[in-house]
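Chemist: Now for the letters of each chain:
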Amino acid sequence: MVVFHFIIVGLLLVILQTTICMPTPVWLPAPDFYYILVSYLAFRLDLLRGLIILFPLVCALDAVSGTILGMYALLCFSGFVLLRQLSAKLPVNEILYQILMAGVSYLIVSWGVYLFLELLQPGQQVSWSWWKMIARAVLVTVCSYPLFFLFDVIQKYSHHSFLHWNRLRLRSDNRRRRQA
Amino acid sequence: MRKKPTRKRSDRYRLFRIVLLAGLLMTLALIFLVSTLGSQSFGPLHKLVLEAVGPLQKVVTMGGSYVETFKSEYIDILQDSLRLREENKRLIQQLQENENILNKSREAMATNASLRRLLEFKNTLDQQQVVATTIVGKDPSTMFRSVIIDRGSNSGVMKGNPVVNNDGVVGQVFIVTPNYAKVLLAIAPSSAIDVLLQKSRVRGILKGDGTLTYRLEYILKTAEVEEGDHVVTAGYGGVFPTGLQVGVVAKIIKKPRGMFHEIEVTPSVDYQKLENLLILQQPKLGEIKQMEQR
Chain A
1 MVVFHFIIVG LLLVILQTTI CMPTPVWLPA PDFYYILVSY LAFRLDLLRG
51 LIILFPLVCA LDAVSGTILG MYALLCFSGF VLLRQLSAKL PVNEILYQIL
101 MAGVSYLIVS WGVYLFLELL QPGQQVSWSW WKMIARAVLV TVCSYPLFFL
151 FDVIQKYSHH SFLHWNRLRL RSDNRRRRQA
Chain B
1 MRKKPTRKRS DRYRLFRIVL LAGLLMTLAL IFLVSTLGSQ SFGPLHKLVL
51 EAVGPLQKVV TMGGSYVETF KSEYIDILQD SLRLREENKR LIQQLQENEN
101 ILNKSREAMA TNASLRRLLE FKNTLDQQQV VATTIVGKDP STMFRSVIID
151 RGSNSGVMKG NPVVNNDGVV GQVFIVTPNY AKVLLAIAPS SAIDVLLQKS
201 RVRGILKGDG TLTYRLEYIL KTAEVEEGDH VVTAGYGGVF PTGLQVGVVA
251 KIIKKPRGMF HEIEVTPSVD YQKLENLLIL QQPKLGEIKQ MEQR
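As they're listed, the protein sequences go chains A and B.
Just so we're aligned, residue 1 is where the first sequence starts under my numbering, counting upward by one.
Just so we're aligned, residue 1 is where the second sequence starts under my numbering, counting upward by one.
In case anyone wonders, no lab produced these hints; they're calculated from the structure.
By construction, the Cβ of each residue, glycine as well, lies at the ideal position given by its N, Cα and C atoms.
All clues stand as given, with none of them false.
In silico contact screen, one side only, chain A against chain B (beta carbon under 10 Å); selected entries:
| hint | residue |
| --- | --- |
| 1 | Thr19 |
| 2 | Met22 |
| 3 | Pro23 |
| 4 | Leu61 |
| 5 | Ser65 |
| 6 | Gly66 |
| 7 | Tyr114 |
Facing chain A, a subset of chain B residues (Cβ under 10 Å, in silico):
| hint | residue |
| --- | --- |
| 8 | Lys138 |
| 9 | Thr142 |
| 10 | Val147 |
| 11 | Tyr271 |
| 12 | Gln272 |
| 13 | Leu274 |
Straight-line C-alpha distance at most 20 Å; calculated SDA-like pairs for lysine to any residue:
| hint | chain 1 | residue 1 | chain 2 | residue 2 |
| --- | --- | --- | --- | --- |
| 14 | B | Lys273 | A | Met22 |
| 15 | A | Lys132 | B | Gly210 |
| 16 | B | Lys104 | B | Leu115 |
| 17 | B | Lys273 | A | Ile20 |
| 18 | B | Lys207 | A | Leu117 |
| 19 | B | Lys251 | B | Val202 |
| 20 | B | Lys207 | A | Gln124 |
| 21 | A | Lys132 | B | Asp209 |
| 22 | B | Lys104 | A | Ile20 |
| 23 | A | Lys132 | B | Thr211 |
| 24 | B | Lys207 | B | Ile253 |
| 25 | B | Lys207 | B | Lys251 |
| 26 | B | Lys207 | A | Val26 |
| 27 | B | Lys254 | B | Ile205 |
All chains should be built: construct the whole structure from the sequences, respecting the hints.
Modeler: Now the structure itself:
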């Protein structure tokens, strides 16, 4: 259920980001919600479930954004791996450090992807601007805090599923008799 | 035994006094009545009574009016405040409803005006098949500039179809699904459009740089270019029709080296207000694609 819920949440965040958060095509202060989800998955979920959730997310992102297919896959998986490695190596795993790492890793991964794309298809993307990207990274950091709490709530309620399978288990009506 | 005659005498004396007093009073009352009725004058006694009663009346009247004022100012207000609160709630709700209606009305008017301009523009395109569409999503990436529209191959949209609005060229369709399509905006760095300087008929390539300006490339330094010159589509290659408005030359950077001018063009389209668009269907586009594949 956790996987299913986070896939739905991821798709909703992508829709939110491409509609309400983008009033114009050149709007700068649009927070990259998808990357916050990537960070959360890297920090709080295991590798397998994180990757399962990431696949539909990057697919949706590549469908609605960008002109080079696979760019979001590169960005999200790189960020996911980088953050997992960082969280495993760092001794502190407090939320404040995690959201800071999310912002910094967003900047690093975006720069790496930009350089890679420039190498493959030079001049096909908007020129790199440090101040714009730092502003986006700050937005990611700021939005991470409330969204991490939201994701925690979702994860908590996902464990308390509406449908308890053990309730559906068939039981014979003469258990006491059998015990006797 | 001695006390009895004394009590009897005093009782008689008291009775006598009462009768005498009553007689005197009745006599006075009779005299007063006769004199009053007879003369009909407002005598000193009346005046005295009036002078004595007047202040009392005044105090009572003032007290009454004070009580009335107190009631109207405080007690009635308390009663009214409850009624007013309900009234206020109702009016606020009504106001909100009216504001909603007004907003909807304004939105409808703005959409109407936008669509009217688009329709007028459509009528200027001679026998050109067009499909009206609306933007449903925008690219959130900082590296690319594209939008998603709500028309796809089911509406006859093909890859490469030019997208315009009443102000001019917006971009080009580059991904098509049955019901949706992705449009590469002309401000995207990967966009390139064949254009002409309308006045001098000099040809160049218009490219985007991700901001709200275009770059006009491959204009020779020998060519006559002025700020304010209109840039229109050249129509070469059969993708864009000839003469569609693209922008206005904003800045010419003359460098001592190189063969070409560096020209900045201000788009005729306001990319901050993109909403309704027209897709120009090119009947020859399929043939062009087939020829390209060969």
